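Chains C and W are the protein sequences, given in the same order.
No gaps in the numbering here: position 80 of the first sequence is 80 in this note's numbering, and each next residue is one more.
Add 112 to a position in the second sequence, counting from 1, and you land on the number used in this note's numbering.
Hints were generated in silico from the structure; no laboratory data involved.
Computed from a predicted model, the values in this text were never measured in an experiment.
Check the hints yourself; a few may be wrong.
What the hints assert, rightly or not - For each label pair, taking beta carbons as the anchor points, the in silico distance ranges come out as:
| # | chain 1 | residue 1 | chain 2 | residue 2 | range |
| --- | --- | --- | --- | --- | --- |
| 1 | C | Thr-82 | W | Gly-113 | 21 to 29 angstroms |
| 2 | W | Thr-163 | C | Ile-54 | 23 to 31 angstroms |
| 3 | C | Thr-86 | W | Ser-221 | 29 to 37 angstroms |
| 4 | C | Leu-112 | W | Ser-221 | 39 to 47 angstroms |
| 5 | C | Trp-27 | W | Lys-172 | 18 to 26 angstroms |
Unchecked claim - Beyond 10 angstroms from chain C on every Cβ pair, some chain W residues (computed):
| # | residue |
| --- | --- |
| 6 | Thr-124 |
| 7 | Glu-128 |
| 8 | Phe-130 |
| 9 | Leu-131 |
| 10 | Glu-154 |
| 11 | Gln-157 |
| 12 | Lys-164 |
| 13 | Lys-172 |
| 14 | Thr-182 |
| 15 | Asp-196 |
| 16 | Ala-203 |
| 17 | Ser-208 |
| 18 | Pro-226 |
The beta-carbon is built from N, C-alpha and C at its ideal position, and this holds for glycine as well.
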Amino acid sequence: DAGITQSPRYKITETGRQVTLMCHQTWSHSYMFWYRQDLGHGLRLIYYSAAADITDKGEVPDGYVVSRSKTENFPLTLESATRSQTSVYFCASSEFRGETQYFGPGTRLLVL
Amino acid sequence: GDSVTQMEGPVTLSEEAFLTINCTYTATGYPSLFWYVQYPGEGLQLLLKATKADDKGSNKGFEATYRKETTSFHLEKGSVQVSDSAVYFCALGHASGGSYIPTFGRGTSLIVHP
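Let's have the full structure, built from the sequences with the hints guiding it.
Now the structure itself:
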């Protein structure tokens with residue numbers, strides 16, 4: 001189906017483990033984004049990408065790694081998960097800079 | 113840098129009441145302005161947008177006008193329904209100049225009672 005998908009939708013992991021959240025879009029949008037959403041903090045940008053092989057830090061990048069070898073995929077890796085990374089993670093894409101963002105359904109991550 | 117300020121919630125209304133959610137922004141240049149809505153358990157989705165001063169965005173009975181003189185983009189609806197209960201986010205983005213990073217407000221929760 002066309003659109004933007006995230007997997008897994010729910011994930012429980014333990015402190016210190018590596019976790020990768022997947023994001024896939026079918027529109028060939030240039031821009032892709034990772035946000036985390038926490039009560040009291042709204043949406044916070046973790047990383048973004050303007051094109052394949054071009055990524056840049058957002059507001060809260062520490063503890064996260066991204067890559068974008070293909071236009072349609074933008075995985076987010078937590079190299080060594082911490083409890084403070086328990087959150088809801090949203091991936092989004094936009095065709096052009098400053099344009100409408102299309103959000104995925106989110107991944108709910110619990111780090112024990 | 114850019115910033116978006118929106119009224120804190122929750123906003124609680126009875127069905128058929130008039131809704132206003134205030135949003136003001138600080139930005140260089142001429143950003144596009146957006147309202148997104150997030151229903152429980154879902155991602156954000158675009159509600160409406162405006163790309164230049166005095167433009168009015170509208171969708172599903174919601175409206176907002178891009179006011180450059182007051183740097184505002186207030187969301188209004190004449191008669192809310194229970195199904196409008198959600199969190200609403202005001203946002204801005206630059207197609208050229210300014211920051212590459214979109215800026216979101218903190219979100220305003222709307223609760224509509226029957």
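Hints, one by one, checked against the model:
no., hint, result
1, C/Thr-82 - W/Gly-113: 21 to 29 angstroms, "holds (27 angstroms)"
2, W/Thr-163 - C/Ile-54: 23 to 31 angstroms, "holds (25 angstroms)"
3, C/Thr-86 - W/Ser-221: 29 to 37 angstroms, "violated (21 angstroms)"
4, C/Leu-112 - W/Ser-221: 39 to 47 angstroms, "violated (28 angstroms)"
5, C/Trp-27 - W/Lys-172: 18 to 26 angstroms, "holds (23 angstroms)"
6, Thr-124, "holds (18 angstroms)"
7, Glu-128, "holds (29 angstroms)"
8, Phe-130, "holds (25 angstroms)"
9, Leu-131, "holds (20 angstroms)"
10, Glu-154, "violated (6 angstroms)"
11, Gln-157, "violated (7 angstroms)"
12, Lys-164, "holds (12 angstroms)"
13, Lys-172, "holds (16 angstroms)"
14, Thr-182, "holds (21 angstroms)"
15, Asp-196, "holds (19 angstroms)"
16, Ala-203, "violated (8 angstroms)"
17, Ser-208, "violated (7 angstroms)"
18, Pro-226, "holds (26 angstroms)"
Against the hints set out earlier in the document, violations occur for numbers 3, 4, 10, 11, 16 and 17.
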